[in-house]
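Engineer: Listed below are the residues making up each chain.
Protein chains: 2
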Amino acid sequence: MTPRSRQSNLPWLERKSSGNGQWSHELAESGGRISDLIAERIRTAVSDGILAPGSRLLSERELAQRLNASRESVREAYRSLEVAGLLVIRRGKEGGAFVREVDHEPITRSLSMLLRLGKTTHRELTEARLLIEPPIARLAARRATQSDIEAMGDLIDRHAAAIRGGDDPRKYDLQFHRAMAECAKNLPLTILMNSLADLMVEALSDVDIPLETRSRTVEFHRVVFDAIHKKDEERAFDLMQQHIGDVQKRLKKPWFHRKRTNHARARSKK
Amino acid sequence: MTPRSRQSNLPWLERKSSGNGQWSHELAESGGRISDLIAERIRTAVSDGILAPGSRLLSERELAQRLNASRESVREAYRSLEVAGLLVIRRGKEGGAFVREVDHEPITRSLSMLLRLGKTTHRELTEARLLIEPPIARLAARRATQSDIEAMGDLIDRHAAAIRGGDDPRKYDLQFHRAMAECAKNLPLTILMNSLADLMVEALSDVDIPLETRSRTVEFHRVVFDAIHKKDEERAFDLMQQHIGDVQKRLKKPWFHRKRTNHARARSKK
DNA sequence: CGATTTTTAAAGGTCAGACCATAACAGACC
DNA sequence: GGTCTGTTATGGTCTGACCTTTAAAAATCG
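Chains P and S, in that order, give the protein sequences.
Each step along the first sequence adds one to the number in my numbering, with nothing skipped, and position 168 is 172.
Each step along the second sequence adds one to the number in my numbering, with nothing skipped, and position 20 is 24.
By construction, these hints were calculated from the structure, which means they are not laboratory data.
Hints may be right or wrong, so weigh each one.
Each pair may be met inside one copy or between any two copies, as identical chains are not told apart.
As the list claims (entries may be wrong) - With a cut-off of at most 30 Å between alpha-carbon atoms, the simulated DSBU-like pairs for lysine-lysine come out as follows:
no., residue 1, residue 2
1, Lys235, Lys253
2, Lys97, Lys175
3, Lys123, Lys235
4, Lys189, Lys234
5, Lys234, Lys97
Predicted, not measured: the structure shown is a model, and the values here were computed from it.
Construct the entire structure; sequences and hints are all you get.
Structural biologist: Structure follows, in structure tokens:
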């Protein structure tokens, strides 16, 4: 007898009606994939708070048995939800599928990919940034906490150090914008910002940015940071608008345009 | 002899190095899932334009054979990319995986889900809308084409008809905002808008909107539409700001707040 | 000949069962 | 107490079979 054979009551995984143990009925609707039905139930359970972040789902084998489905169907459901950012899957003993702490990284990735494929132009990219970054800066000035501010300060210092040391500063540039978005305490805006910043970095990945521009960037960050620190909302707004406008202007110079070669893409990953 | 046994040269699916036919090397990095490696190659091929939208990938069985992997690994790769919005999968003869025409619907879904889980509050939601919808209206006024305008006009008429007929007008409300975003010709903003609008509809799904408010909404749409039609950018901007501000105000009335019951969620789907 | 029905085959979807790889844990051994 | 070493639960992969769906091809009918 396995130690966990007690009926641990998982009402959320029940079908709404017709308990005969077959799937056929719901399959008719929904374009018919068992794994999708399973995924949908889990999604609902999570979004209704029945499955809290961090909690562990049944193992593939066990859920399959309970649902009267094959392991593969369950597996596919879990996998989809992982791609969608809802679950994390860990291997090994004590592994399994866990409801993910809310984290927009997977969405940011998908969104970036989609925008890239959608042939999002530099025009759209900077246009969008021009519209959303200044308001974000304003919100950041309004809402940044002490620790937010410390983190940003550190970031800028490291950014400056990287430039002095001749290292690639793009990473820090990106992080600054992300950190600022974090301060604004507005999830939708944060996610969009992150995706845009990602793409921006990628778009510039094969451009050689002159040293003068690099230090100009970090100085810009510093004054924006200063405005945020002092909670000067309007100044933060104006400076950020200026900053993005500056970038936009530089992008228009012909020498700056991205080479249309079939170059290596920026591989994200850790 | 099967008719398609010719070596159809698919260089993109080759490993970069070491052609011995095993996966072990790349598996070491990358946290190790063959399906992820396959997915990554396809993703790269698509984003480099080697696989054009609409083109059909090899069948699961065939790709598995060529890659010396199991069908399941390929299948999982395809499935992940489908969730990510990169592929569509069709069943039946002449079915298979196709590179999707760029379409942000899957991302919109994921994003909405994520925002919902992130306990995005009404405050964040309307705040974000207040920031991005007016600029979108302005862009729409600048860039709407003739057919865009016709579509919007139709929509408004149907919206009004639905209200007169006592039908649920929410659908049309949503569609109006989507259509407007479409006019702005800015993909990142469009995607965000769509997600926000989706969430908004959902958040209001169990609120009973009084008739007076309903017609007010459609009238608002009409004047915004008018401004867009006449390419009056600033008026479109102002009106939209007013519109969202109006919504925001109504949301603050206590009777309007969503019941915190464990009610049924808005099921999207077709 | 053209429209309709039937057949067929190619593809994804599901299943079952085996085995591999990984990672935490429990003891055994120093 | 710390390190090694098996044990074991769990996801990852593979095989090969069968089901279901769907479009095209063939057969049938008017």
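Engineer: Now tell me if each hint is right for this structure.
Structural biologist: Against the structure, the hints:
no.: 1; hint: Lys235 - Lys253; in the structure: both (28 Å within a copy, 26 Å between copies)
no.: 2; hint: Lys97 - Lys175; in the structure: neither (36 Å within a copy, 47 Å between copies)
no.: 3; hint: Lys123 - Lys235; in the structure: between (37 Å within a copy, 26 Å between copies)
no.: 4; hint: Lys189 - Lys234; in the structure: within (18 Å within a copy, 37 Å between copies)
no.: 5; hint: Lys234 - Lys97; in the structure: neither (50 Å within a copy, 65 Å between copies)
Checked against the numbered hints given earlier, the structure breaks hints 2, 5 and satisfies all the rest.
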